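Quick mapping for you: the protein sequence lines, in order, are chains S and E.
Using this note's numbering, the letters of the first sequence map in sequence onto residues 1 to 228.
Using this note's numbering, the letters of the second sequence map in sequence onto residues 1 to 414.
The hints are simulated quantities; they were obtained by calculation from the structure and are not laboratory data.
Among the hints, a few may not be true.
The calculated DSS-like cross-link candidates involving lysine-lysine, where the alpha carbons are at most 27 Å apart (straight line), are [said to hold, decoys possible]:
| # | chain 1 | residue 1 | chain 2 | residue 2 |
| --- | --- | --- | --- | --- |
| 1 | E | Lys-400 | S | Lys-83 |
| 2 | E | Lys-16 | E | Lys-61 |
| 3 | E | Lys-16 | E | Lys-268 |
| 4 | S | Lys-115 | E | Lys-400 |
| 5 | E | Lys-400 | E | Lys-50 |
| 6 | E | Lys-220 | E | Lys-128 |
Chain E side only, calculated, beta carbon under 7 Å to chain S, not exhaustive [claimed, not checked]:
| # | residue |
| --- | --- |
| 7 | Leu-3 |
| 8 | His-14 |
| 9 | Arg-15 |
| 10 | Gln-18 |
| 11 | Pro-109 |
| 12 | Ala-112 |
| 13 | Glu-308 |
| 14 | Ser-316 |
| 15 | Ile-317 |
| 16 | Asn-320 |
| 17 | Val-407 |
All figures in this text were calculated on a predicted structure; none of them were measured in a lab.
For every residue, glycine included, the Cβ atom is placed at its ideal position computed from N, Cα and C.
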Amino acid sequence: MNRKPLIEARDVTRVLPGPVPVTLVWDINLTVRQGEFIAIVGASGSGKSSLLYLLGLLDVPTLGAIFFEGANTTELNREAQAKMRLAHLGFVFQFHFLLPEFTALGNVMIPMRKKGALGEAEIEREARALLAEFGMEEYAHRLPEELSGGERQRVAIARALANRPALILADEPTGNLDSKNAQQVFDIFKRMAEKNGQTVVVVTHETHLARQTHRQVQLLDGRIAANG
Amino acid sequence: MRLILDIAVTHLVHRKRQTLVSVLGVAMGVGFFIAMAAMMQGFQRYFVSKIIDVSPHIIMKDEFRTPPRQPVEQRYANGAVRLLNVRPRDERRGIKNGMVVIDAIARQPGVAVAPTLAGQIFLRYGTKDVSATLYGIEPDLERRVTFLEQDLIAGSLNGLHTTANGIILGSGLAEKIGASLGDSLSIISPAGVILKMKIVAIFRSGVTAKDNYESFALLKKAQILQDRANVINQIRIRLSDINQAAALARSLEARYDYRTESWEETNKNVLGIFVIQNGIMYSTVSAILIVAAFGIFNIITTVIHEKERDIAILKSIGFNEDAIRGIFLLEGLAVGVIGTMIGWVLGYGLTELLASVRFSVEGFVKSEGFVLYYTFKHYLIAGSFAMVASLAASYLPARKAAAVNPVDIIRGGV
């Protein structure tokens, strides 16, 4: 694959300050290209999630920098980073993190409403289309508590895709799902990468799922132990 | 922004009971403020208007604020002179050239002037002796200066002219000695003169001090009683614009040297009480609203604590700090706005309730119920105070919410 790099970590180190400083990741160099579907794997505590948060601009590296489409994002202020997340990034977490008071449809509409690029009617149509894509159309008006774990996760993915982000970051998205639902989620990610050209970075410790991606990055004690 | 409002409203709607308690806290603060303010200001305005109606706006008296300077002090104004044991001269009391002064003052526009001789008397009727102040007046001038004529509940001001020795008593005074219209009583003055006088009218001004201690007779009769022929010792002045009173009093005093008091000065004790009264009212109501503000602080802090995950996810979606802060400020504002509106209704209801309460009380003035004063200003003051309180109460937790680090929450959740 010879596409242009979408997101790059250059010499990234993240240390949690404190009486006993904790090094989360150490001197990471990683390039993810457009349309790639990669998995970050490793034992728990190896820094997988920390790296994902750094790539997702939720956290700021202590040393080094994160580049998005060639631009240094580490120099940006939090306001600008929030704007980038809204426009280009989509997150999926192990826990669905849906807003409990909003329906499935309402949850999917939130990022689009926040972005404010479309009218209310269009946003609703888009959101319904997204839910339909994951077979969740008929659950549109249910509250999260009325959905099963797999269904919630699909709604959460639909919400992550709401603003058609270039980069989707998933942190243990299948951690709470049975194998059937887990497989479905990975199929969705694969389809997004291969059909839509979106870039997907998944953190997982399930090796048989990680093997379905294009590339696995193995972390060990905060360093990259294997890449490929 | 619609979305932020949506989220804020959702939070409040999903914790109905707590929201209701906070809203009611604000509503009560606002409502009580409105009712109390209506009551206090109503009373104060009623009282002031009574004073303004019943008494002259300016009274010039035959006394001096400072004793006259002795010749030696005038001669050596800056000298090291000390006079001890000066005995004041026995002067003939009264305003010198009173009628000339009156003519001069009356020439100013918007001014009505009347001469008065005030003095102490004893009323004797049956077995009762009651002391009172007797004002000798010229009825034709007096009716332009005070509302004595309007305050008469029996008889008429002209009775002073038509009856040989007529006297007008305050209703409280008449009650005390047990006499009524048409009765004759003995009037004894400090000068030792005794006159038989007939009650030709009774007045009730509503100001207790006046009704219980004042009486009126013709100026001539008063002068005979006090044995002070052709003397007046008070000049009573009424203005068409009461706000000029203090200024005119000052200039008259500067010109004639006699102590000249405007109604504000005469009643400054009472007006001073009003300032304290208002202070008490404002602090009581502030206390209620501060408690209400704690309620708001509490609900928003709880919401934020419970919604940390939501805040984290909203941040990861790309909500900036302003938007997060905005959600919780809006929640505080919503509680404030709804509370204020309910408080307005509550306040209106309370004032109506107070207005219907009937009782009889005799304090500074006689009244048969709460005198209430309705004004939009009270609603506005209460509303803005509530708004400031709710915004201040939500600002601190909102700032904390904006500072939530999503990574901490998401990592903790895993």
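Do the alpha carbons of Lys-400/E and Lys-50/E lie within 27 Å of each other, as the hint requires?
55 Å, violated
Tell me if Ser-316/E is really an interface residue toward chain S, meaning its C-beta lies closer than 7 Å to one of theirs.
At 5 Å from the nearest chain S Cβ, Ser-316/E passes the 7 Å test, so the hint holds.
Using Cβ atoms only, decide whether Gln-18/E comes closer than 7 Å to chain S, and label the hint accordingly.
15 Å, violated
Hint check, Pro-109/E versus chain S [nearest Cβ-Cβ separation less than 7 Å]
67 Å, violated
With a cut-off of 7 Å on the beta carbons, see whether Ala-112/E makes it to chain S.
Violated: closest Cβ of chain S sits about 71 Å from Ala-112/E, beyond 7 Å.
Regarding the hint that Val-407/E lies at the interface with chain S, is the smallest CB-CB distance below 7 Å?
Holds - the Cβ of Val-407/E comes within 7 Å of chain S, reaching about 5 Å at its closest.
Go through the hint on His-14/E and say holds or violated, using the shortest Cβ distance to chain S against 7 Å.
5 Å, holds
Minimum Cβ distance from Leu-3/E to chain S below 7 Å?
With a minimum Cβ separation of about 4 Å from chain S (threshold 7 Å), the hint on Leu-3/E holds.
Please check whether Ile-317/E passes as an interface residue: C-beta within 7 Å of a C-beta belonging to chain S.
5 Å, holds
Pair hint Lys-220/E and Lys-128/E, alpha-carbon separation not exceeding 27 Å:
Within the cut-off at roughly 26 Å; holds.
Restraint status (C-alpha distance of Lys-400/E to Lys-83/S at most 27 Å):
21 Å, holds
With a cut-off of 27 Å on the C-alpha distance, tell me whether Lys-16/E and Lys-61/E pass.
67 Å, violated
Checked against the numbered hints listed earlier, the structure breaks hints 2, 3, 5, 9, 10, 11, 12 and 13; every other hint is satisfied.
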